[in-house]
Amino acid sequence: MSASIYEQEKLCLKLKEWSDSNFPFFSNSSSAWIFLATHGMWSEKLKGEVRVTVDALSGETTLIFFHEDYGLIRAVDANPVFHMSVEKFAVTKKEGKEVSPVGVHIRMKKGEIERVSFRKEIEVTPLTFHAATSGIHRSGISYRIMAFQQALSRKISEAILQKSDVKAPYEVFSVDERHEMEGSLISLISGVIKWSKLDAKAVEAELTTSVLEMPSAKALRGCYDLLSHLLQGGEVDLSVVEEEKKLSLKSKQASRELLEYLSKIVLGRLNVYKRVHEELKEGKPEGEFSLAIDFSEQMGPCDAYLLLSILSSENLMEDCRGIWLIATPLSYPAVAYTLLYLKRSGAPDSRMAISSEDPALSRRVADRILEFDGSLIYIAAGPTSHVLSFAREIMRRKEKIKTIPLSPHFR
Amino acid sequence: MFQECPFLEASFSLYHPDMVYANPKVVEVDLLLVFNGGYACLELKKKPSDAHRDSLKFFVNGLAPQPVVYVSKRSIGKGESELGISNPLVIPHGEISFKECLLDKLREWREKFDGFFEERRELFSIDNFLCMLLLYASPKICRLLLDEVLSDEEKNLSPLIKRRISLIKRAKGLDNSTGLEEIPAGEKEKSEGMEKLVVLVPTIKSEVLINKIAEALGGLGAGEVVLLCTKQSAKECREIIGMIKDKIKSIKCEIVEGDLEESWSSKAVEEASNKGVIVTAAEIPKGVLLKLVEKLADEKKSVKLASLLPRPVKKGDFLKSLSSLISALEGRGECCEIGEREEIKLECIDI
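Chain order of the listed sequences is W and L.
Taking the numbering used here, the leading residue of the first sequence gets 389, the next gets one more, and so forth.
Taking the numbering used here, the leading residue of the second sequence gets 13, the next gets one more, and so forth.
Each hint can be trusted.
Calculated pairs, EDC-like style, for lysine to aspartate or glutamate (alpha carbon to alpha carbon, straight line, at most 20 Å):
#1 Lys652/W - Glu546/W
#2 Lys174/L - Asp755/W
#3 Lys37/L - Asp465/W
#4 Lys217/L - Glu592/W
#5 Lys357/L - Glu592/W
#6 Lys264/L - Glu251/L
#7 Lys790/W - Glu306/L
#8 Lys37/L - Glu354/L
#9 Lys786/W - Asp310/L
#10 Lys790/W - Glu274/L
#11 Lys217/L - Asp587/W
#12 Lys402/W - Glu432/W
#13 Lys152/L - Asp408/W
#14 Lys543/W - Glu630/W
Hints in this document: simulated from the structure, not taken from any laboratory.
Bound conformation, chain W alone (with noise of 0.2 Å):
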């Protein structure tokens, strides 16, 4: 077969290059991406080079690494909670007639020592490398959906203040945004054939909530033809209008229903921040202010640059003296993530707080947060228990407190 046929088939997806030694989880890519695969548990960065391609015709991914890596990958691989899954591993060694090490037998097996080919390649952010590699448990869903918003909050921002003078995510690790929303998008399609090809049934008696709706038969048709339109050199427009008081993704390249499948699944939750807009112009604090923001799953660094976009559309951001990111057990990996996105965009002084569903945790976390002087505003979106615990203790204890709710109007 010739080589030509190999790259026919493959995107690729590799971790732009970037180090911060000051940022304490984690230091470059490749440990960033560890430290979001293994639920933020290891943060070791590779040897080598990593990079994911994604397979145009069914969607599936082969993740192509260093072959001294091996141990380290296959060992995130096999952990239960952690969060990387792709359907075919490829080792790579350096030129020349260097002899593998032990373990040679296995990847042959397996068909590891794969020449790698690929017709495009795309340098993305640990975020969107992570949900090209993430399997597709509702975590690795919420991951996919997350790093697509990241590419979109430009977008998004402008469908609903015009303007940002914000920097955007992917920009902290400079990124081009094109390559990131590409990336995210071939990512986030990728996730959706997999999930489709799930058993809807059983999947709906595993989980007792959040489960993602299955695309249509025409949405995911819209998905193969998107893939295979980007693989053969295309590209793609993407948009984010307000219609019918919602926002929803617009684009040439895709089918009507692929856009509609999106914009429900990917933008349904953003539309909040257009009440949340509202209710920062309205209600404006007086003087000096420190944020709280709630992270539920799926909330991540464009959560944080819609709020820095609103705030400095306002005229706050001189006045807002600390943001508090207050993370559960589950969201904490995305969370950190985010916090690097915070200390590296100018964003006003950052810290983590982990709370959980424990109301006693919750409000333990309240009188951490309750220090600062100045009034509060405080974004509700973690898990019930905490919200009702940890906002009737802000309220009890503080005077000048604005409560925001990331959850949409209900009508």
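Fit chain L to the given chain W structure using the hints.
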């Protein structure tokens, strides 16, 4: 064998942080031993041939790097020659050189189990997260989270949390100097019974969750239950009523309309004003929750709040199996197994 007895926990259990799975358990270890620098898992089996299939789970549960040792009544012998897969390390309990140490720890565990369980039930979500750190996290991440993210007040929240943190630091080589916090013995005072429950019921698509909510509400012994719902969640309410009406003296469903943030919260406060408890089932829209808290603060109502949360519930035969194990190790019994100590159910937790 040990200069100092390692810490021991019986039926150590870990769950996925997103508890939305019908079965969220990741792993259960019969006896977890925590040392300075790591941990080991002891799995107890009645007979050695029970061990080989059971050991397969550790290849897929990410515990492979840590030692897993099986303990049985006798060693693997001729009787197991038909085993079709490799056997793990199986040691007969009569040959354990640290048996006295193990017995001391198991007796202490039996005595303090109720106190431990009560604390774990109250702080389950954060305790589970700390257990995840203990099993899976790197020393660097543990140091960052424990020393730089959690505040002193949060770390000292309870003896359970302090003990978990000390164990993590021991296992990861961070700090072996601090002693372990004592587990308080005995159960805490039971909270007062709930005469009237006012339950906020949102739209719930999962039949599994509806059943769990009904089971939880039916088991609270309430005299009166009012289910507050929207038009969209009325069907869920009817299903719940159908499942528990025989257990509750008075149960009804009220549909709220209009501006639901205002009407749902107002109705809840109104219904609960006379010795009622407002209970949230599943995830309630945050606007409703904030309105509820505002109303309770404005009207200075001392209405209790509670939530149905996934919590560990004791399994009835665990302490009995623990006693049998202790007897076997003392040479007075045959059984060398231990049951699971807990399962996850929805429980009503005071806010």
